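*Asks:* If you read the protein sequences in the order shown, they are chains A and B. When we follow numbering that gives the first Met the number 0, the leftmost residue of the first sequence carries the number 0, and every step to the right adds one. When we follow numbering that gives the first Met the number 0, the leftmost residue of the second sequence carries the number 0, and every step to the right adds one.
Just so you know, the hints here were simulated from the structure itself, not pulled from any lab data. Treat the numbers as computed from the prediction; the structure is a model and nothing was measured. Don't be surprised by glycine CBs; every beta carbon is placed ideally from N, CA and C. Keep in mind that the hints are not guaranteed to be accurate.
Going by beta-carbon spacing under 7 Å, a handful of chain B positions derived as facing chain A [said to hold, decoys possible]: (1) Leu19; (2) Ala20; (3) Thr23; (4) Gly25; (5) Leu29; (6) Ile31; (7) Pro32; (8) Leu35; (9) Ala39; (10) Leu42; (11) Cys137; (12) Phe138.
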Amino acid sequence: MIDVLASGLIIGAALAAVIGCGLNSQWLGSAVAAAVGLVWLGGQRRPVGWVVDLGFMALVGLAGWGVWAGVAAGWMLTTTGAALAAWDLAHFSHRLAQVEQVENEVTMAQAHRQRLLLAVGLGWLVGGAALLIRFELSFGWLAGLGLLLLIGLSRLLGPGRP
Amino acid sequence: MNHRLLLLALLIFGLVLAALASRTGGLLALAIPLLLYLGAARLSRPDRIHLTASRNLSATFVSAAEPVTVKLTLTNQGEALAEVRLQELLPASLTVVAGQTARLAPLPPGGSLELDYSVRGERGLYRFPAVRVSLNDCFGLFRRAEVVAAPGEFQVWPHVTRLRRVDIRPRQTRVYSGIIPTRPGGPGVEFFGVREYQPGDPRRWLNSRASARHPQTLFVNEFEQERVADVGLILDAREQSDARSPQGDLFEYAVRAAAALAEVFLNSGNRVGLFIYGRSQDWTYPGYGKVQRMRLLHALARAEQGGGHVFEKLEHLPTRLFPARSQLVLVSPLLLTDAEMLVKLRARGYRLLVVSPNPVAFEAGGLAESPAVRLASRLAHLERNLLLAQLRQADIQLVDWAVDTPFEEAAQAALSRMRR
Chain A
0 MIDVLASGLI
10 IGAALAAVIG
20 CGLNSQWLGS
30 AVAAAVGLVW
40 LGGQRRPVGW
50 VVDLGFMALV
60 GLAGWGVWAG
70 VAAGWMLTTT
80 GAALAAWDLA
90 HFSHRLAQVE
100 QVENEVTMAQ
110 AHRQRLLLAV
120 GLGWLVGGAA
130 LLIRFELSFG
140 WLAGLGLLLL
150 IGLSRLLGPG
160 RP
Chain B
0 MNHRLLLLAL
10 LIFGLVLAAL
20 ASRTGGLLAL
30 AIPLLLYLGA
40 ARLSRPDRIH
50 LTASRNLSAT
60 FVSAAEPVTV
70 KLTLTNQGEA
80 LAEVRLQELL
90 PASLTVVAGQ
100 TARLAPLPPG
110 GSLELDYSVR
120 GERGLYRFPA
130 VRVSLNDCFG
140 LFRRAEVVAA
150 PGEFQVWPHV
160 TRLRRVDIRP
170 RQTRVYSGII
180 PTRPGGPGVE
190 FFGVREYQPG
200 DPRRWLNSRA
210 SARHPQTLFV
220 NEFEQERVAD
230 VGLILDAREQ
240 SDARSPQGDL
250 FEYAVRAAAA
260 LAEVFLNSGN
270 RVGLFIYGRS
280 QDWTYPGYGK
290 VQRMRLLHAL
300 ARAEQGGGHV
310 FEKLEHLPTR
320 LFPARSQLVL
330 VSPLLLTDAE
340 MLVKLRARGY
350 RLLVVSPNPV
360 AFEAGGLAES
370 PAVRLASRLA
380 HLERNLLLAQ
390 LRQADIQLVD
400 WAVDTPFEEA
410 AQAALSRMRR
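Between the sequences and the hints, there should be enough to build the whole structure, so can you do that?
*Replies:* Put into structure tokens, the structure is as follows:
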């Protein structure tokens, strides 16, 4: 079930990028998105490894390039959200497979899917809302906000270190 | 840092920096789902952990090849944990025969997680110090590993071969009656001699034939008195004297032989002590009966080899531990340098029985057949035969045991022929 869902999300992420780039006549972007999607789908059957991480990184990178190149950001946001969910599910499935016995596997998987849907769905909505907001910032504000964001990110990641 | 967390952080930093550099708001929007995902993981990260573990073993002492069931319970006395992976830290030489040694589950406050499995092992002392617990946030980004104490141990005793009887004749026996014939005549079973009647002698001892030849005197039969003795078992645990081959370790055979001998001597009512010479000086004080059997099996279960230079030779054998002129039984593959000390022990009045698992035959059995191996094996055999001849010359009883023969067969063949 998890693997089927992950495969569906990979297809969704790649398809959103292909359509988005295609609508903007970025054929190279469409081709790259399709190729990444196919490689990632192929790697799904094998134990989790570099293919999953590379696929995720490539699709998010492609989405970033697409936004910079002028592709409609909504498609790219969908690509990012779907790729993130597929990446998470692949690793979750791997964690389950590593252990001989999983207690209440169905309930656990269901709870995980719900949490993931909430986080990614909320991210997609907030990201979508952010695309609609447009305001100009001076260089000072931009630098200050950027610094604040980087410090915040560092603090968020900090406790994860051993 | 977890590689997934690193990858996610790189993507977020990359998108944010690209957004700031290119002043493109869309790039910043792309980072938002990733940021929210990271934030959700961070919020569910386990911070205050209070886990306790308890272990229950079905047996503390088992004989070889008998399985032991382990029940391990991990209880969460802290906050709710999204993903808990419980992994047993098994001693290396144990084999899991049933059940699982790892489990993954969410653990609510007050909830518990159980592992139930059976293991089997070779002779030895097995200690379970702790259990490994890996804790994840809901998305597996912030991982935390804990080792929770859950002590427990069990021993696997060596296989004890039943021997029918081992005849020993120490010069000194104890006062209690047993089955070892002694030099002074008295009550017993085996005929010893005839002496003049003394008041108090039982009438059934009267030797009518001898008394008839001497009309003025009465003669009585004397029998060999049968007593119990002090037996000092010495197990050679020196690495220098051991041999290894694909069949295993010769020391294991020596331990089994020592267990069989301890059993037979204790069953005959003797007082048996055990000294393990090698890693350290491990001494089990002499005693009788079933309790002593347990003590000796405990000592043999945890017996380990040592390779220190101090115990390289038998010179440091503390002979004061063994009563003078008692019976010593050495179980050892023997080194060439051991002959001197063994002859000295014999000269001091100890009766000495040496059970020697044959290291040459054992090691040669594990080597591929070739002229060089044949020649080397022949030379080693000659050397060993010379050593054994030296010991026999010093009136030391020997059992040269080729371990492919069962010990009971080898012991019975050698010890039943022993001089009485």
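*Asks:* Against the earlier hints, flag every one the structure doesn't satisfy and list their numbers going up.
*Replies:* 2, 10
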